[in-house]
Amino acid sequence: MAEDILMDIKRDYVLSRIRSGERIDGRGFDEFRQISVQTGIIEKAEGSALVKLGNTQVIVGIKMQVGEPFPDTPEKGIIITNSELVPLASPTFEPGPPDENSVELARVVDRGIRESEAVNLEELCIEEGEKVWVIFIDIHALDDDGNLMDASAIAAISALMNTTVPAEKFEVGEDFRLPVQDIPISVTSLIVDDYSLVDPCRDEMSVGNNLITITSDKNGNVVAMQKSGSYLLSEEKFYEVLELSVAKAEEVRKQVVSQINQGDKDGENEES
Amino acid sequence: MAEDILMDIKRDYVLSRIRSGERIDGRGFDEFRQISVQTGIIEKAEGSALVKLGNTQVIVGIKMQVGEPFPDTPEKGIIITNSELVPLASPTFEPGPPDENSVELARVVDRGIRESEAVNLEELCIEEGEKVWVIFIDIHALDDDGNLMDASAIAAISALMNTTVPAEKFEVGEDFRLPVQDIPISVTSLIVDDYSLVDPCRDEMSVGNNLITITSDKNGNVVAMQKSGSYLLSEEKFYEVLELSVAKAEEVRKQVVSQINQGDKDGENEES
Amino acid sequence: MAEDILMDIKRDYVLSRIRSGERIDGRGFDEFRQISVQTGIIEKAEGSALVKLGNTQVIVGIKMQVGEPFPDTPEKGIIITNSELVPLASPTFEPGPPDENSVELARVVDRGIRESEAVNLEELCIEEGEKVWVIFIDIHALDDDGNLMDASAIAAISALMNTTVPAEKFEVGEDFRLPVQDIPISVTSLIVDDYSLVDPCRDEMSVGNNLITITSDKNGNVVAMQKSGSYLLSEEKFYEVLELSVAKAEEVRKQVVSQINQGDKDGENEES
Amino acid sequence: MQKPKLIVDGKRLDGRGFEELRPIKIEAGVLKRADGSCYLEMGKNKIIAAVYGPREVHPRHLQDPSKAVIRYRYNMAPFSVEERKKPGPDRRSVEISKVSREALEPVIMKELFPRSGIDVFVEVLQADAGTRTACLNAASVALIDAGVAMRGMVTSVAVAKVEGNIVLDPMKEEDNYGEADVPIAFLIRNDRIESIALLQMDGRLTLEEMKKAMELAKKGAMQIYRLQREAIMKKYMKEETEEPEEENEQ
Amino acid sequence: MQKPKLIVDGKRLDGRGFEELRPIKIEAGVLKRADGSCYLEMGKNKIIAAVYGPREVHPRHLQDPSKAVIRYRYNMAPFSVEERKKPGPDRRSVEISKVSREALEPVIMKELFPRSGIDVFVEVLQADAGTRTACLNAASVALIDAGVAMRGMVTSVAVAKVEGNIVLDPMKEEDNYGEADVPIAFLIRNDRIESIALLQMDGRLTLEEMKKAMELAKKGAMQIYRLQREAIMKKYMKEETEEPEEENEQ
Amino acid sequence: MQKPKLIVDGKRLDGRGFEELRPIKIEAGVLKRADGSCYLEMGKNKIIAAVYGPREVHPRHLQDPSKAVIRYRYNMAPFSVEERKKPGPDRRSVEISKVSREALEPVIMKELFPRSGIDVFVEVLQADAGTRTACLNAASVALIDAGVAMRGMVTSVAVAKVEGNIVLDPMKEEDNYGEADVPIAFLIRNDRIESIALLQMDGRLTLEEMKKAMELAKKGAMQIYRLQREAIMKKYMKEETEEPEEENEQ
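Going down the list, the protein sequences come from chains A, B, C, D, E and F. Here this note's numbering is used: the first residue of the first sequence is 1, the next is one more, and so on. Here this note's numbering is used: the first residue of the second sequence is 273, the next is one more, and so on. Here this note's numbering is used: the first residue of the third sequence is 545, the next is one more, and so on. Here this note's numbering is used: the first residue of the fourth sequence is 817, the next is one more, and so on. Here this note's numbering is used: the first residue of the fifth sequence is 1067, the next is one more, and so on. Here this note's numbering is used: the first residue of the sixth sequence is 1317, the next is one more, and so on.
One thing to keep in mind: the hints can contain errors.
Now the stretches of chain E that chain B is said to cover, found in silico as 3 or more residues with beta-carbon under 8 Å [said to hold, decoys possible]: (1) 1090–1103; (2) 1188–1199; (3) 1225–1232; (4) 1273–1287.
Quick look at which bits of chain B chain D covers, simulated, 3 or more residues with Cβ under 8 Å [unchecked claim]: (5) 376–385; (6) 447–459; (7) 484–495; (8) 498–506.
Below, simulated DSBU-like cross-link-like pairs (lysine-lysine); rule was C-alpha separation at most 30 Å, straight line [unchecked claim]: (9) B:Lys316 <-> B:Lys403; (10) A:Lys44 <-> F:Lys1402; (11) B:Lys537 <-> E:Lys1077; (12) D:Lys902 <-> C:Lys596; (13) C:Lys588 <-> D:Lys1027; (14) A:Lys169 <-> F:Lys1554; (15) D:Lys902 <-> E:Lys1152; (16) C:Lys588 <-> D:Lys883; (17) A:Lys76 <-> E:Lys1069; (18) C:Lys620 <-> D:Lys901; (19) B:Lys441 <-> E:Lys1164; (20) C:Lys798 <-> D:Lys902; (21) F:Lys1528 <-> E:Lys1164; (22) B:Lys348 <-> D:Lys1034; (23) F:Lys1528 <-> C:Lys554; (24) E:Lys1151 <-> B:Lys441; (25) A:Lys237 <-> E:Lys1091; (26) A:Lys52 <-> F:Lys1383; (27) C:Lys675 <-> F:Lys1554; (28) F:Lys1554 <-> A:Lys52; (29) B:Lys403 <-> D:Lys819; (30) E:Lys1110 <-> A:Lys10; (31) A:Lys254 <-> E:Lys1277; (32) F:Lys1528 <-> D:Lys902; (33) E:Lys1277 <-> B:Lys316; (34) E:Lys1164 <-> B:Lys316; (35) E:Lys1284 <-> B:Lys324; (36) D:Lys860 <-> C:Lys809; (37) D:Lys848 <-> C:Lys713; (38) F:Lys1528 <-> C:Lys781; (39) C:Lys596 <-> D:Lys827; (40) D:Lys848 <-> C:Lys554.
I should point out that these hints are in silico values taken from the structure, not numbers from a laboratory. Note that the structure is predicted; figures quoted are calculated from it, not measured. Heads up, the beta-carbon is just placed ideally off N, CA and C, and yes, glycines get one too.
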């Protein structure tokens, strides 16, 4: 009960600030929280990244195995994306099999990577029709302070960029860098009245979880979209968010790349 | 609560009609509702049938795959019968794994087909001990207005009669008609006091689900029986229902065959 | 509610007796209930034993199959231990997948057998890296009057000693006795205040389930330990229980062996 | 696997005549924790049944304000069959549990125990043919041992058609290779078969054969019924001769 | 599998132009037990939708004191696809169920039915491309057939990019080998598209192409909307001409 | 896989002496949403623990009117081990969760929080040997960080027998190829080891070796205990130096 009243007050506060053109943490409507990317933090994984979007934290680990290709793509590697919204990350997450939010998160991240052809899957064929590399992308939420979606998408592509294919361990040649050829970036906006706020934090979502995620590739093409939440979106708003998201993605992409390069230079981010 | 009273009144009404020798929909005690059979309605299935028993509707689809035979029958094909009582079909069905009613439905239908040797399983052997045809009979309830059992059994055998074995797709020879050599028909009766009513509709079952299903083959042999429901059945009643069911099955069998033939003639029921 | 008061009274009674140096069934603090072992009672199993500890009854059946070895032990057979706390055995057991108590029971019994190297797994290799014997130890509780742990452990090793490897059935040579080379015995104590009671019965556990299980091999080595229950154990008490358990295990081992031999002599315990 | 010859010189593989039961052993009251229990052997079948209740039902919304809720769980131990059975219910055991519960429900005086639950748990420790009938026989004795009010005894037996003959209480080979299997349970009251509580059938029988099967089942059931009664009597006699203190402690 | 040529002489594989829908058939009120229902064909898609409610929600802690709780279950029959689908929900159907429910929730007047539940169950009997949009169209009609108060009609259609062209309502081959797929649903009120209720996309589109896709989707949706209205009208007309007794019996 | 030589010249594979711990790093308060949290490294183990509560327990029938209900969930990330681990609990993690919860339960002042729940969730991000002990150490710090009243600190460490030697805090190779593994947790109060909270063992030890192992564990635990205390102090100091506004906003 007490909690409900608190939520009411929070919502009113957030709304009144938005209507005066402000966000509760002082950001601009089109401003991301601080982005931090650390790669190579799980030595036992083939690749890994810890991403912080403000207080939101997500870790992604990449494991690779040798497996059979799908019958309709005998010359391509396989990507399997999985998400665990473990109860550690939020008071609202419960132990158990993935719920619809967890499934949606994994599938939207997966689509961004798949449709942008971020990974060159042809180079992950070992023996056509028989043996290909299987990439497991495991999204592990640590702290959900809002917008797990973008944090997970950044962590996933960062972890892939950090991945070494363990060919020696599987006795199929020499280890090599995973061939990553694009950096898809998703931008999630919260729709409130006639406003849209990129990278919403948890407190902002007290006004409702009216979200839209737009993922674009390095050439500014849209590669994935997902309206999420029980609301109606006007066409005008959609076009506005669409253009903003593609522009914003370019900015974020630069930051991610620079952080990864910085990490590599500092030697903090070891390849595994 | 309101519902309970409605059920009470319905039960009293049904009972009083039965005791005056009548059924609420005017049928005779040994009379089936109108039977409609449409085959070939799912082109993507190897065979299919939509059966209506009055307002009760069931669809059965047949899919076939190549698989390994069971070790104790190396020269025989395999039948797997499965039933989904999807929540679309009744306010009392819930999403989730099959409950005991769904399991019983599938198993009784399966026994009728299996024990009457309706399908010549020897002809479904591709390579002894190695490769045989696996027949998936999937029962999908659409509208449960009573007696899903007989509707499902009719739909299953009708779908099998409509089935083409997709040998070309699996590159093991030429497509051929599934060898069906019998038409088992189940007749379900509702036991009320000293009465028995064949093909009970949903409203009649307000008096209790005291059912007995008797399946017989084209030669009038009994091939499967199932007493279902928490009640005691007198021996005399059993013998009465037994004889009636076998006689009734012969009638129903004729109707089913004539409907399928009619459909074939009309060209409505396409083979897939 | 009524039950709770009964439990309270029971606990007070048990406690008062313990504090006067007595157990409710008149046993000494370091005394087991009467142990009965019958082997070979399930002819369809490769080995079996029914063990009674007072009124507690457990049956263990051994089934063996031919399977692939684990990659890191290509020349060794495999043990899989499983426990079903079926609702028949206690008013507190519920149908469903194994709960934490059932999992713990199976794992502690398994560790005793595994770590004492009771079964010579090297002799269960059929073809290195390809084919080994897989031993399924299935613990099936029948009546839980306390200390299922020790009853299960005794039943498991007794059933193994009763096991014939069914090589002929699998066409890999002649049947042979399972090579059992040690007899691990677990001794479970209930910790109450500064007292410890071996082989607690159900009524004694009304004071809490503060247990410690210590398993030792025929040479008096400790091979497995498990503190179980939400309590704190003093170091002094631990050492006391440790020594007592190893001594006690030697006694129990003799009884078990003598019962099995007696059974063999009487011809009651048939090998299967 | 070649079908073996099942009938030789008018005798069955185990030497029985067509109308003969396998050896049966029944013992009531074999478990301490359960309110009622029974151990039963029928041929190589080894069955143990336990009854708990009438007791409280959780969660509460499963209670019936007008009568007891009956649960029946048929379960096979993993080691009870030739090839190890994976633990947990499969479709076969779900169906057997359903029809067995439905056989007992009209016989248990459920209306005497509103809001409560009566649980019947049956474990197959070793399976030959006819486990569902053996389990029902054990469950019936366990219910009486638990003091649950019953309208009569539920007694069950199977009949089969084997090489053209209707035979009583089929064993494994007859079940596997026979032409029909008919498990039946009856309500027996005052030493008289009153009605049919369970009835299933698969195989192929003419109407005449089906009637003959029913008659044979009735004969077999009456014999089993007497053994069920005996087992309960023996338990009572034993209890009476035991010291009263011991009894109280239970 | 070689990618086939999808566009030949400005026509698609099935002869359609770029802005043409597949043949659509909609029938309301096809089930007796459900409160509302609809059968829909769109190309080779065969869909049946049922609505139950407003009705009581069990268990009670799932109720919302201020509005109805909506459930949406998208399910594929095992025989609906080339390779038999294992029964039960998979990750794809969980996601589709979520976004479809979220498309309907703001359109259903949930606040009129506090503490109650409205269940929308949609079965894919045969799947071609575009099942999620076909299902939403059927669900919308079933909701109206059930008499659930709605702010307007939800109408859904997909647009694809195929060999560089933006095309309406892609069929299976275009979905498999096309460059992008954009399923969209709109809220339509007073014959006017008001807003977007569902929007997903995967593939690769420029901003311009995305806008073109949206325009094309709107055109297609208006055509489907008219067929949805017609189906409901036909049902009403049929009801009025039926004898009143029959109706009461339902 | 050949067993490697684990002890060379009195040193272990990673250069440690027998009574030496692996490097440890502990940081309290690393998560925003959790009420208390801790990140811990111990060798290559990387552990994160979160505590939620005391908070309401749902569904209500799980509440205890006299004390808090403790949950403990040990979970391994799929990428934490050499071969990817399928998500979700397995038998090993169920057992570890049970004994870990039982170690904390008598130390948490549960009676202060009737009807409420305290949830301890621990994620293994990278696993070396000794994850259960590392997790308990992190959980203990997270509980204190959450302000949950505790009777003392729970500190845990494993001891192993490796090539005949009793060694502290075994690494992966020593765990795989060693002769015994003994994970222990203690309750430490006023800088003094008071009692044993967790105790498991598998392998083969004489009584004398077991006693020696216990003594060594106590030595190791005292070192870890000091690092746990330090981590909490550092967190408090940091909080005090932060601006009060920020703190309120949380």
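Run the distance test for E:Lys1164 versus B:Lys316: straight-line Cα separation, threshold 30 Å. This hinted pair holds, its Cα atoms lying about 27 Å apart.
With the threshold set at 30 Å, check whether the alpha-carbon distance from E:Lys1110 to A:Lys10 stays at or below it. Violated. E:Lys1110 to A:Lys10 sits at ~50 Å, over the 30 Å cutoff.
If you draw a straight line from the CA of A:Lys76 to the CA of E:Lys1069, is it 30 Å or shorter? Since the Cα atoms of A:Lys76 and E:Lys1069 sit roughly 15 Å apart, the hinted pair holds (cutoff 30 Å).
Need the status of pair B:Lys441, E:Lys1164: alpha-carbon distance at most 30 Å? With Cα atoms ~35 Å apart, B:Lys441 and E:Lys1164 exceed 30 Å; violated.
Is the coverage entry for the segment 498–506 of chain B by chain D consistent with the three-residue Cβ rule at 8 Å? That given contact holds, which follows from 9 residues of the segment 498–506 of chain B lying within Cβ reach (below 8 Å) of chain D.
So if I understand the rule, the pair passes when the alpha-carbon distance is 30 Å or less; does F:Lys1554 with A:Lys52 pass? holds (20 Å)
Would you check the hint for F:Lys1528 and C:Lys781, treating anything up to 30 Å between C-alpha atoms as holding? Roughly 16 Å separates the two Cα atoms, so the pair holds.
Verify this for me: three or more residues of the segment 1273–1287 of chain E with a beta carbon less than 8 Å from a beta carbon of chain B. violated (count 0)
Would you mind confirming whether the straight-line C-alpha gap from B:Lys537 to E:Lys1077 stays at or under 30 Å? It is violated: about 34 Å lies between the C-alpha atoms, which goes past 30 Å.
Holds or violated: A:Lys52 with F:Lys1383, Cα cutoff 30 Å? Outside the cut-off at roughly 37 Å; violated.
Regarding the pair A:Lys254 and E:Lys1277, is the alpha-carbon distance no greater than 30 Å? holds (26 Å)
Is the coverage entry for the segment 484–495 of chain B by chain D consistent with the three-residue Cβ rule at 8 Å? holds (count 6)
The structure shown violates the earlier hints numbered 3, 4, 6, 11, 13, 14, 16, 19, 20, 21, 22, 23, 25, 26, 27, 30, 32, 33, 35, 37, 39.
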